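2 protein chains.
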Amino acid sequence: MSELRRDPITGRWNIINTDEPMGPEAFEVDRRQPSGTTCPFCAGKEQLTPPEIYAIRPATSHANTAGWQLRVVPNKFPALRIEGDLGRRALGLFDLSNGVGAHEVIIETPDHRKQMADLSLPELEQVVAAFKGRSLDLRGDRRLKYTLIFKNFGLSAGASLEHTHSQLIALPIVPKRVSEELKGAEHYFEFRERCPFCDMLQQELHDDERLIAENKSFLAFCPFVSSFPFEISILPKTHSSDFALIAPEAIRDLVRLLKEVLLRMRSVLSDPSYNFIIHTAPIEPRGWDEYHWHLELIPKLTKIAGFEWGTGFYINPTSPELAAKALRETQLPV
Amino acid sequence: MSELRRDPITGRWNIINTDEPMGPEAFEVDRRQPSGTTCPFCAGKEQLTPPEIYAIRPATSHANTAGWQLRVVPNKFPALRIEGDLGRRALGLFDLSNGVGAHEVIIETPDHRKQMADLSLPELEQVVAAFKGRSLDLRGDRRLKYTLIFKNFGLSAGASLEHTHSQLIALPIVPKRVSEELKGAEHYFEFRERCPFCDMLQQELHDDERLIAENKSFLAFCPFVSSFPFEISILPKTHSSDFALIAPEAIRDLVRLLKEVLLRMRSVLSDPSYNFIIHTAPIEPRGWDEYHWHLELIPKLTKIAGFEWGTGFYINPTSPELAAKALRETQLPV
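Protein chains in written order, with our numbering: chain A, 1375 to 1708; chain B, 1375 to 1708.
Misleading hints may appear alongside valid ones.
Note that the list lumps identical chains together, so a pair holds whenever it fits in one copy or between two copies.
[Unchecked claim] The calculated lysine-lysine pairs, modelled on DSBU-like cross-linking and capped at a C-alpha distance of 35 Å, are:
| hint | residue 1 | residue 2 |
| --- | --- | --- |
| 1 | Lys1557 | Lys1488 |
| 2 | Lys1450 | Lys1699 |
| 3 | Lys1488 | Lys1519 |
| 4 | Lys1590 | Lys1419 |
| 5 | Lys1419 | Lys1699 |
| 6 | Lys1550 | Lys1611 |
| 7 | Lys1557 | Lys1519 |
| 8 | Lys1450 | Lys1519 |
| 9 | Lys1633 | Lys1677 |
Quick caveat, the hints were computed from the structure, so don't treat them as lab data. Keep in mind it's a predicted model, so treat the numbers as computed, not measured.
Hey, can you work out the whole structure from these sequences and the hints?
Here it is in structure tokens:
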């Protein structure tokens, strides 16, 4: 029999096949990458992207020319644009506003052949430092309320270019999924005066069944209420609500763990497409005792169908206990 | 520039490309069907499914043999099972219960070659009458709180068999997406003492930009806050919270409109994969003045990626105004 499991923060229930959980070999992994003739993210093709907002490049090199190690550029096909007023207004029953916001692309390396998991630790530190730097910079814009950092890797995970990159969208509203987490976390805090994420960390460490890897500052595990097979959470071990305030030592620990987890996932699932997102507190107000930033990593193995759309909860054919064991035990090449 | 549009019921914001909305030809339509050697839903293969719960068949034919026009059987790989106790319990922070519920399959016709859109009106009436009949029957089970009827058509929409079928899942909890709609609708009702869905119908009829088709009892339109391109809603024109109380005349009107809309969608989008769901009020309490049952139909044209997962809202590259115009104006073969 399956189990219904409830997330204590969002109240989301998922149906999890704990009885006969599917192993990694049971999934048809979609390895397709988006195709295209000229890659606009390769060195030498800087004129194919909008002008760079930020780059790591030698002092002797010019902006928007080759020689860089990392570039941040506006998305050429942005979901939201930075110019203009919000112009929030009613239309009968409905509310609408102009699509104001930022939509940036972090090109993680000039090397087209590397996946994020192949970047060196110093290269990955530059990527996470760019996430932090861009997040802090956008706080100057008072129209923006929330910054989401995310990555789509592989065609079935929604990537439109193969060259490794992440994205940042800054929004004029706090998105629904984050509000739900905040509300649930506040509710828990009112009752217990503790951060629910800190409590969850303690429980995962104690239960010991769903752990994948850890180091001094971070823990990686498969969440008890996983919506998707082989879903992975990475949380800072000490309370911290704001990703953008991450210290340089913590960046070093985060990228070590992230690289290890990406390699473990690639090994167990034979190079799947995936998404990750970083959930952090809204830009204002600061300093949440009840919220804890975290990274959610989801290999794309299942399809979202009518049931998920109709209910808002998920049928997960694999238990997080089985997934964590496979991820923990896989041998990585030395 | 895009628009941010807010659903007055759920509070969900979506980003909609109203500036350069993508037309139907811009989408890569995935027409793949699940493959398999022996179809368990074909006439003569009744022994390949669990024993039937309900069937339309001549009085002279035996259960689980050929001769039927429609069969309802338990799902062979159920997400939930009807036997056992809920056994709701805590596990530290978390809640869990046993996966108790019903998971049934409605095999709409013995003819493997027909899509739902190809069924005759009398055949479609039998399908909707089966949705109603099964919903009412399961109300006898006091453990069950909610019944969701849905359909997955095509591989990319999550179908695992090609032979046309719908599904019913009865759940021991009211699912999150429905609770959100109920809460939002109650909030609106407190403020205005009117059903928000009834008001939305009036506004859609008045705005006239997003209508697809209508008849005496039902209206089909592309919702103002569409999450997906070419998303379609069908609502009863007079207030009704409970799908399972649909009258026989209304079934006739519903299937006429549903067939027309499926044919229009197939024509405009060249036979896309799709999902539909029926949202109705929970089994108890009955008689919601503030809730209105409805059918949501979504062709599978886009991928859910990091942004959607992280925010809970959607980037829709097509405006519902463009989608409705294309659906309304396409010529159907006579």
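Run through the hints listed earlier and report the numbers of any the structure violates, in increasing order. Numbers 1, 4, 5, in rising order.
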